[in-house]
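Model the placement of chain B on the given structure of chain A, informed by the hints.
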Amino acid sequence: MASPVADLSYRDVEAGGGPGSPGWLVLARMGWRSAFSKRAFWVLTVVGGWYYLILLAILYFIEQANLADETSRLASEFFGRIVWRDQFLHGFAFSHLVWLSIALLLGAGAIANDNRANALLVYLSKPCRKVDYLFGKWLGVFVPLCVAMGLPMLVFFAYCVLNFRERGFFDDDPLLLGRVLVLVPMAAAFHTSIVIGISSLFNQGRLAGAAYAGLYFISGFFSQLMLIIFLRATATPLEQMGSGQAQTFFYLSVDGLLTGLAKVLLATDGTPPFGIPARTPQIAAPDPWMALGGVVLVAAVAVFVAWRRIRAVEVVK
Amino acid sequence: MDVAEIQGLTVRYGRFTALESFTAVVPGGCVGLLGPNGAGKSTFIRTLLGFVQPAAGRGTVLGHEVGRDDLAIRRAVGYMPEQDCHIPGLSAVQYVALAGELGGLSKAQAVRRAHEVLEYCGLGEARYRMVETYSTGMKQRIKLAQALVHGPRLLLLDEPTNGLDPIGREEMLQLVRSISHEKNVNVLVSSHLLPDIERTCDEAIVLFQGRLRAQGRIDDLKRVEGAPYEIELREASGAFVRCAAEEGLQVLGAEHAVYRLRGDGAPEDTVARAFRAARSAGVQVRRAVPAVRSLEDAFLEAISG
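Sequences listed follow chains A and B, in order.
Under the numbering used here, residues 2 to 318 are what the first sequence spells out, in order.
Under the numbering used here, residues 36 to 340 are what the second sequence spells out, in order.
Okay, chain A solo, but in the shape it has when bound:
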C-alpha cells in the first residue's frame, strides 16, 4: 500500500504556524489564483472599461482633427464641456452590470460551493478560525474585483495624465487619483460583502448568483417605480426630479447606492457622458452620510449574515 517514498518521519506541528501563512491569506490566495486564472474575468475587466475605450477613441479623433486644422474650434469646445472627474463617474456607473457579473463570477460560489461540498469541515478542522475563513473568502473576491474596477480607471487616468494635462486634467481636480483610489475599494467591498453574504445562505453557487442578480434587478426596478410614483403623486416636474426627495428613491437600490457613493466620493453631480448635452437632468449627489451609511450598513448586514451562517457542523437546536 504505502510507497517506499512515503515519508512521515518528520513533524512540523511543534513549530506551530511559524513557517506557514495565516489561514486567511491561504484562502485569499486560493481565491485570487482562481479568479485570475479565469478567462471570463479578464474579458469582463476589459468590457468594464468600455466607456473609457469609447472616450479614448473620441479623444484621439478630436486630437487628430485638431492637429489637422488648428483653427478648428471642435477641440476647444469639446474640452470646454468635458469634466474629467465625471468621466470616471460615468466609466464606473455605466459598467454596473459588468461589476455585478464579475462579483457573481467570483463570489456566488465562494461559500455556497463549500456548503455543498461540506468543505467547512475541512477548513475549520484546521487551525483556521471562522474569522480567518470569512476574511480569506472575502479578500479572495475583493482584490480581483478591485483589479477589475480599478484597472480601466487607472489606465484611463494614466493616459489622460500623459496627454491632457494642458487640457485641464489636473486643474479640474487635483485629488482625482485619491478619490478614485477610495471609490474602487469601497465599491468592491460593497459588492463583495453582499455576494459573500448571499453565498453563505445557499448550497449552490448558481442559486446564490441568481439571488444576488434578483436582488440587484428587483431593487433597481422598485426604486425606479417608486421614483415614478412619487413624481406622479407629487406632480413634480421631470426637470426637478434630480433634487429634493425624489432623488432619494433613485439611490434606493444596489446600483443606485453605488452610483450615489461614486458621486459623493468624486464630489460631483455628474455631467452628460462623452461631453454630449443630455435632455434629462442629472440626479444630484445624495447626502454623503446617507450614501456612506447605506453602503456600510448593507455591507455590514451581509457580512453579519455570512458570519452567522458559517459553521463546521449544522447544530439543530
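The set of hints was computed from the structure by calculation and includes no laboratory data.
It is possible that some hints are incorrect.
To be verified - Computed from the model, here is a short list of chain B residues facing chain A with C-beta under 10 Å:
{"#": "1", "residue": "Tyr114"}
{"#": "2", "residue": "Leu137"}
{"#": "3", "residue": "Ser141"}
{"#": "4", "residue": "Ala145"}
{"#": "5", "residue": "Val146"}
{"#": "6", "residue": "Lys178"}
Just so it is clear, CB atoms sit at the ideal spot from N, CA and C, and this is done for glycine as well.
Just chain B now, with coordinates in the frame of chain A:
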C-alpha cells in the same frame, strides 16, 4: 502517554442530550470509539475539535484545553470527517496541499507533503485528477490524506470505512493500522462496525446513549470473567465431562469437542485439572487456550448495561 482526558462532558442539542457526564481517558496508540448510530461518537469528536460547545465538563487533548485552546488542538490533530467533503474545484494534490498550508506548513513544504501523503494513501496515480471525479473509495482516502498532511500527533477518524466495498474497506483498515502501528501516530477511530475496531485498534471505548459503557484493551474486554479455558478434545466425550466435574471444574459450555471449563483456582490450576480429567477419561487433548468471547458479545454486554 494519554492523548485526551475528558471529565464530565455533557453536550446538548436543544433538549436532546448527545453526551452525558462522559468521562474517559483516551490512551495513546490506536483506540476505537465504539457505539451504535446515535451513541454520541461524532459529537464527542466534534466537541474535541471545538465545533460543538459542551454544556458542562472539561477535557484536554494533547495537553490543550478543549474549548479554550481549539486552534492548538486543531494544529496538533488531523480530522477525517464521516461525511463526504472536499474543497470544490481543486485537484487532489492542490486540495491536500491547501489542507497542509491551513495546517501550518509553508507552501513548499505543503506541496511536498501532499505528494508524499497522496502516494502513501494510494492516490499517487490520481493526484492530478479533480476530487469531484473520485469514486467513493478514493474520496475516503483523500479525506485521510488531508487529515494526515500536516503531520498530526493524533488522528480522529470518523467512520473511515463508510461506503467502502470489501476490498476498499480492507485497504482502508490496513492504512489505518499502518498509520498507527508503523508511523506511530495516535489514532482514535470512531465506528459502529466491530470488526473494523477489532482489526485496527488495541483499545476500545464503548459509548451508548451518550454515556461511557466500557473501556479497556480489546483483549481485556473480550476476556470472560473467571478466566475459563477452552479445551478441545479429539472427539466429544461424556467421560471427560464427568471426570472434569470430579476434578472440581465447572463445565460452562460444550460445542462439538470443545469444552469451556472454569475452576475456582488460578488459571494454570484449571489447565492442570483439565489435563488430569482427560487422562482419567482416556481422551486426547488437542488444544487448551484461555476462553475469550467475541468483541460483539463484549459490546452487547456493555451496552445492555
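Item checked: Minimum beta-carbon distance criterion (10 Å), Ser141(B) to chain A -> 4 Å, holds
Item checked: Given hint Ala145(B) near chain A, where the shortest CB pair must fall under 10 Å -> This interface hint holds because 8 Å falls under the 10 Å limit.
Checklist line | Interface hint compliance - Leu137(B) to chain A, C-beta minimum distance less than 10 Å | finding: Holds - the Cβ of Leu137(B) comes within 10 Å of chain A, reaching about 4 Å at its closest.
Check: Close enough to count: is the Cβ of Tyr114(B) nearer than 10 Å to one in chain A?
Finding: 4 Å, holds
Next item on the list: Return the status of the interface hint for Val146(B): holds when the least beta-carbon distance to chain A is below 10 Å, violated otherwise.
Entry: 12 Å, violated
Item checked: Interface restraint verdict for Lys178(B) against chain A (beta-carbon cut-off 10 Å) -> 8 Å, holds
Taken one by one, the earlier hints fail for this structure only at number 5.
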